[in-house]
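Please work from the sequences and hints to get the whole structure.
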Amino acid sequence: MNFFVIGVNHKTAPVEVRERFAIPEAKLPDALRELTSIPGVEEGMIVSTCNRVEIIARATNGKCDLREFVRKYYGLEPNDFQKYLFEHREKAAVHHLFRVASSLDSMVVGEPQILGQVKEAYAVARAVGAVQSQLDALLTRAFAVAKKVRSETAVASSSVSVASVAVDLAKKIFGDLDGKAVYLVGAGKMCELAARHLLAHGAGKIYVANRTFERAVALARKFNGEAVPFEKLYETVEKADIIISSTGAPHAIFRKEHGEHFLKVRKNRPMFFIDIAVPRDIDPKLNDLDGIFVYDIDDLQQVVSSHIGDRKREAERAEELVAEEVERFESKLQTLNVVPTIVSLQEHLETVRQAEIDRLRGRLGELSPEQEMAVEALTKGIINKIMHTPITTLKTAAREQEATTVVDLVRKLFNLRAEQKAEQKSAAKEDAVGAVVGEESHRRNTSEG
Amino acid sequence: MPILWLRIATILYAVGLLYALLLLTKRGEWLSKIAVPAVGLGMVFHFVSLTELTISESYVELLTIRHAESAMALLIGCVFMFLFVRYRVTSPGIFVFPLMFFLTFASEIAQRPPATNSPMVRSWLIPVHVALLLIGYAALFLSFISSLLYILQARSLKSKTPASLFSRLPALEVVDQVGYKALLFGFPFMTFGLIAGSVVAQAKIGAFYFLDPKVLLSILMWGVYMVLLYTRWSSGWRGRRAAYLATFAFAAAVCAWAANAISTVHRFINP
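Chains L and F are the protein sequences, given in the same order.
Just so we're aligned, residue 1244 is where the first sequence starts under this note's numbering, counting upward by one.
Just so we're aligned, residue 10 is where the second sequence starts under this note's numbering, counting upward by one.
One should not assume that every hint holds.
Claimed, not checked - Incomplete in silico selection of chain L near chain F, CB under 7 Å:
no., residue
1, Lys1415
2, Lys1510
3, Ala1617
To be verified - Using 27 Å as the maximum straight-line C-alpha spacing, the simulated DSS-like pairs for lysine-lysine come out as follows:
no., chain 1, residue 1, chain 2, residue 2
4, L, Lys1390, F, Lys167
5, L, Lys1391, F, Lys42
6, F, Lys167, L, Lys1448
7, F, Lys42, L, Lys1432
8, F, Lys167, L, Lys1555
9, L, Lys1623, L, Lys1306
10, L, Lys1432, L, Lys1414
In short, the hints are calculated from the structure, not lab data.
Predicted model only: the values in this text are computed from it and were never measured.
Backbone N, C-alpha and C fix where the C-beta goes; we use that ideal spot for every residue, glycine too.
Put into structure tokens, the structure is as follows:
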């Protein structure tokens, strides 16, 4: 398979180390050129995000030293960073790349950004010509696997952060959040974060009340909202559908009687209270009222952890799926290994055919165009008939252990020389990749270049 | 022919029934894509069946309980489909599909009743009365279903461990809107339907018609219906309280529906 990966990620290296390896997008083309200039490296690609730097390569003869790239490009001695670096080769490298693209290797398993980041890295590498044939096939397959994982498992379907769970719950109550008013009680960071999430999902007006009025004004300005003096809290809260509270108050700010009053004023339209303060700002008894829903930080956390549990279970299924896909990809690639032999076999027999026709031409005399065509058809037909069995045998053998034996045997039988093999390998590759690994990648290859 | 169309409709409704049953065991996901189209197709056959019947045997046929049942199922389906198109909610189907199936099935296996010879059915107001009330009943039923769904969703939200069965339930405000709209929509039909009936009864039987049990139950149902609308409009009652009222109105409606047996006003067949 000849694939190699070296890199650092959030599991192997702390952020200080990852920073040293990160390559900004602008410098990526240069880095790629450097990578493909390493002896033995035929194709290469670099994925650099805040959580990982992955240097992926395919070697011509199964040998390449990606540490050399680390040495040359970063000017770092790889041995000094031994404990932070991970390395995979051959099948393990394919497996690793499939996992990364499917977001199984992410810090938050199932997060959707990584696939986009890998796609961007791939686009850059293609643009500079660092990705061509087999690596292209590998990446195309990796994207397909990622899509399959996403659609066939629920690994990315549930929210796993407190803020996004809050948004989900708000949607369960209000349907869409368009035009819903949000009231922030307290001007803390958590309030701000949750409000930002709600706004991103369509929430309308924002009110902010804080004991220090200036801070309320400052936060309200950020969201283009309205600051309310804390004394007016109880008169204004009922204007909001979603209330996020995170004050440092030692006892509850909102009690059941407040809730009853709000509901009366609001004609029983539901309200969603999110209490992220410790000690709590909202009396849990408020939740007993019809139409008022109170979630405190533990409730939200509980939903988050149940979702994380779900994702873990789904991730196990996804891992199985990825493992299957690695096997499938491997067997397809193995077929690729016999392609040069098939091509030289075809070339060899074609040369023989041409030579024989030329030799006989004198004896045949002048031929009419029809006769010329008949001779062509006859000779080509014989060759195709003869070649059919060896080619099928080669293709079948490619998937088995005995591939090399069969390849050698065919070469010996037809006296296919080694030089021929090397020559034709590169010529045959472009087509062969498309034909054997995936029609899709082939089509792209031909249409773009 | 109408019977054949009705049978096909029943079979298609059975798909909806199966979907509803499987949903309760959390395994209905795979059917979700075909259940609504199947029921929709069933409704087309059903409509054809009822139309043929009305043309061939006159509207009087519709007055018999078996065809009223079947027409009712079709109307409930129509209201469901309207709400499905407007709000993209399928969860009322959990209740609506089985009901449609059983109403149609019951009407299909029912014995053909003896021909009616009551002079009352000759009034043109009678089919109007029946049609308006059927639509009113269908809307009331949908509204009742919505309040049940509202309670289920509210309970799942309050329990704080959102159960997977209810994760498919539509948002609270959406069910609420569905219920309220159905209620608003049905009220004029219900009201004018009752008025139409009263006019006929007044003319044929005299002022005492309202002492008839079916008439009394209908008036009671209409009263509760109005209270339901009023409380929703004036103080936004929803959730549990609205569901109690809706259940009450619905129960009254079912009793009124079933009261033909003890009603003299609605007995069209002279012994």
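- List of violated hint numbers, smallest to largest: 3, 4, 7, 9
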